[in-house]
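Enquirer: All chains, full assembly: derive it from the sequences and hints.
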Amino acid sequence: MDKTIPSLAEAVAGIDDGATVMIGGFGGSGAPIELIHALIDRYRTTGHPAGLTVVNNNAGNGHIGLAALIEAGMVRKLICSFPRSADPVVFTELYLAGKIELELVPQGTLAERIRAAGAGIPAFYTPTGFGTDLAIGKPVAVFDGRSYVQERWLKADVALVKAETADTHGNLTYRAAARNFGPLMCAAATRAIVQASRIVPAGGIDPEAVITPGIFVHSVVLVADPAQEEVLNRRKANYFEEVQG
Amino acid sequence: MDKTIPSLAEAVAGIDDGATVMIGGFGGSGAPIELIHALIDRYRTTGHPAGLTVVNNNAGNGHIGLAALIEAGMVRKLICSFPRSADPVVFTELYLAGKIELELVPQGTLAERIRAAGAGIPAFYTPTGFGTDLAIGKPVAVFDGRSYVQERWLKADVALVKAETADTHGNLTYRAAARNFGPLMCAAATRAIVQASRIVPAGGIDPEAVITPGIFVHSVVLVADPAQEEVLNRRKANYFEEVQG
Amino acid sequence: MTDKLSNAQIAWRAAQDIADGAYVNLGIGFPEMVAKFQPPGRQAIFHTENGILNFGEAPPEGEEDWDLINAGKKAVTLKPGAAFFHHADSFAMVRGGHLDVAILGAYQVAETGDLANWSTGPKGVPAVGGAMDLVHGAKRVAVITEHVTKDGKPKLLDRCTLPLTGVACVTRVYTSLAVLDIEGGRFILREKLPALTFDALQALTGAALHVSGNVADLHVPEL
Amino acid sequence: MTDKLSNAQIAWRAAQDIADGAYVNLGIGFPEMVAKFQPPGRQAIFHTENGILNFGEAPPEGEEDWDLINAGKKAVTLKPGAAFFHHADSFAMVRGGHLDVAILGAYQVAETGDLANWSTGPKGVPAVGGAMDLVHGAKRVAVITEHVTKDGKPKLLDRCTLPLTGVACVTRVYTSLAVLDIEGGRFILREKLPALTFDALQALTGAALHVSGNVADLHVPEL
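Residue numbers (the working numbering), protein chains in the order written: chain F, 1 to 245; chain C, 246 to 490; chain S, 491 to 713; chain W, 714 to 936.
Think of the hints as simulated: they come from the structure by calculation, not from any bench. One or more of the hints may lead you astray.
Calculated cross-link-like contacts (lysine-lysine; reagent style BS3-like; alpha-carbon spacing at most 30 angstroms) [stated by the list, open to error]:
id, chain 1, residue 1, chain 2, residue 2
1, W, LYS852, F, LYS77
2, C, LYS322, S, LYS613
3, C, LYS383, S, LYS613
4, F, LYS77, F, LYS155
5, C, LYS383, S, LYS629
6, W, LYS863, F, LYS138
7, S, LYS640, S, LYS526
8, C, LYS481, C, LYS400
9, F, LYS155, S, LYS629
10, C, LYS344, C, LYS322
11, F, LYS138, C, LYS344
12, W, LYS836, W, LYS863
13, W, LYS863, C, LYS400
14, W, LYS836, F, LYS236
Quick look at which bits of chain W chain C covers, simulated, 3 or more residues with Cβ under 8 angstroms [what the hints assert, rightly or not]:
id, segment
15, 727-740
16, 758-768
17, 803-809
18, 835-843
The beta carbon of each residue, even a glycine, is placed where N, CA and C say it ideally should be.
Expert: In structure tokens form, the structure reads like this:
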């Protein structure tokens, strides 16, 4: 078994128009910049995939990574908890112009909905959001005298996730707080595509140290020295200028 | 912050009559034998705690550990998935005599109910058990054309868990498949009491390697060379004969 | 050829349908035997409910590590690329549809796909383990079983009479006499022992057998 | 003493109520300041939604590790005994009642304990983050806030007029003028600036103030 894919372009080749794509990361920590840029590269060459629904905690920052994906016009709808950042201009302008749809989800509910999808739990109850505008239209139930909102699982066709070390079976470790949504998204997606800073043979990761077991991972591609969103933005990097210019 | 407790007796001192006690382990793997025996020791000296509800995957094996806890007469009710073992005579006789109550729960539902308790999820839907005797009386709902059973969280007053390494903050690692229910039970209990083969200062466990973060753990007690249920049973160990004689 | 397959032969036949790289859970007891018969060049990844992916055979006696066991509480070893995880993650793998195949034993299987394999009735101590989760989780749920009970009663029925493990969950049954798919609420006969006539098999089966396309000979090596 | 507390002084006052060893989540922005004012001898363990327990101060500029950030996306450092975990485990800590204290900012707080702190209405881009989870998760939810808005309107009200973050969740409010508990649907005044009369405070508050026992002087050091 070898889940390694030789190139970023091949890794993102099978993502269809209209797909729901989960993208790991919390802000720049864990953002799979190279996978995202490979997906934009493909769109700029082929016109596909378009009309994506993207699930991420945020809505991008500056003009690279998720922000560039949105700026390229590939995203129809965003499901996130916090569409603000140091430089959220790309999303903000499209949103205020009515050109991108937003489903705002409380962060813990977002995490749990994704976790539920991976765990085969179609719905669960949470106290989060009860009595607020974000619970409008959702079923409510009382347990032990307290009111809860029913939330549904959130599945995806594809997850794009950044890991630290992968083995050829797809077992993953992460780096510090870059872990965040990664393990949940791998399990919630029909196809989890992972960029890893290091790929080792099966047996190269201590079974005790595995954070995402390989059963949740479908493709692994090596990105040995991955970009860090925050570093790119501090030097005002711009996907479009760098690719075009 | 130091969650270390100097002795097993002190670790189990505050468990009340009628408490719900989760006990980690799957069969003998992860069974906190020393904590269980300390609890029996206390009962045999003081008559407390009695009338316990115990949550474990199994119902004990032989005459040590959980089986001995049941044999001592401390357990009113058992919540488990598989009350069979190589030598289940203690539970079997009491059960068939109507002297102990059994709530049988599918294993994955047991795990998820415990996980839900720790995660603040009062209820969730699962396909498991739909249409079977174990779903009788439970609410049913249809999502996306498929039928699911509503299950409730399962909380405990106390969890008794066996870890490999603990630090003074209560961060834990486990050994191989001894992990099983441990992380879930720590989070689901008001008080998680952990026996560890090794206790290190804060900073002694790599933050990446922590399996149970200390926030879920309340007391840690050192058991440097813990007994293994399977090994004890292969030499026909008996808690009562060894203590008495 | 004997008049029926041995357990090993049933397990062998089931093993032929497991693809290389498949994630597989084998029920405790008889189904564990399937692991022995992986065809050359194929390597499945075995999952056990108690939190291991990619475990291997039992260690030599005396070298057991009792923290390294399978769902049947038997000592196992690890293969390269193994992983440990807790019980909620383990059943996320099960319930979340991440296993390619689960192979289970059966008391009874119905043409509806219903399975009864956990309880023979109200007597004794009931025990369910992970069976109810597995039948609603794996992408493909197969059963291996004798075709009839020890006293000759059919185990393949129109409706199960014993307490159910799951509803409409089994899609393939490997028996000591035949291989059958369950499709649209019917048993479709795919393979049968060559010496056995359709009518003879039907007489040993408690539900109507259907044919859709070819019925192949069930050929299994001596084991 | 100035006529109202600075943000640092409000944060200082809130920090005095955090016990040694408490697990604490501080909302992004102003509440993060509370961490600076832990009394000597006490050490809380700070949780951040994005998966760290026991993080510490920002590193020196130029030494940031951008995989090691807090919920406000600011670089942090680790203290001994830190742990990483994924987002579902992180919010299990929040929702499951494992945090001792959450301290949040507020646009409005009602005597019912309702909190509004995520949306100023339908204009602009809404963003909620983890606030709605925190208010229903931590054992104690406290708010730190100016007593009135920049244009002098009360922020402590009988009912919130802005979109709610949570219902009946706040139990203590630290303002630039006073410390109040919320009990039984009422604001109970616990401390106020010595120079301020009860009536003057009431005039700046959009809900009835109640007294139950002593009202202490709110004393805070110059910071």
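Enquirer: Need the list of violated hint numbers for this structure, in ascending order.
Expert: 1, 6, 8, 11, 13 and 18
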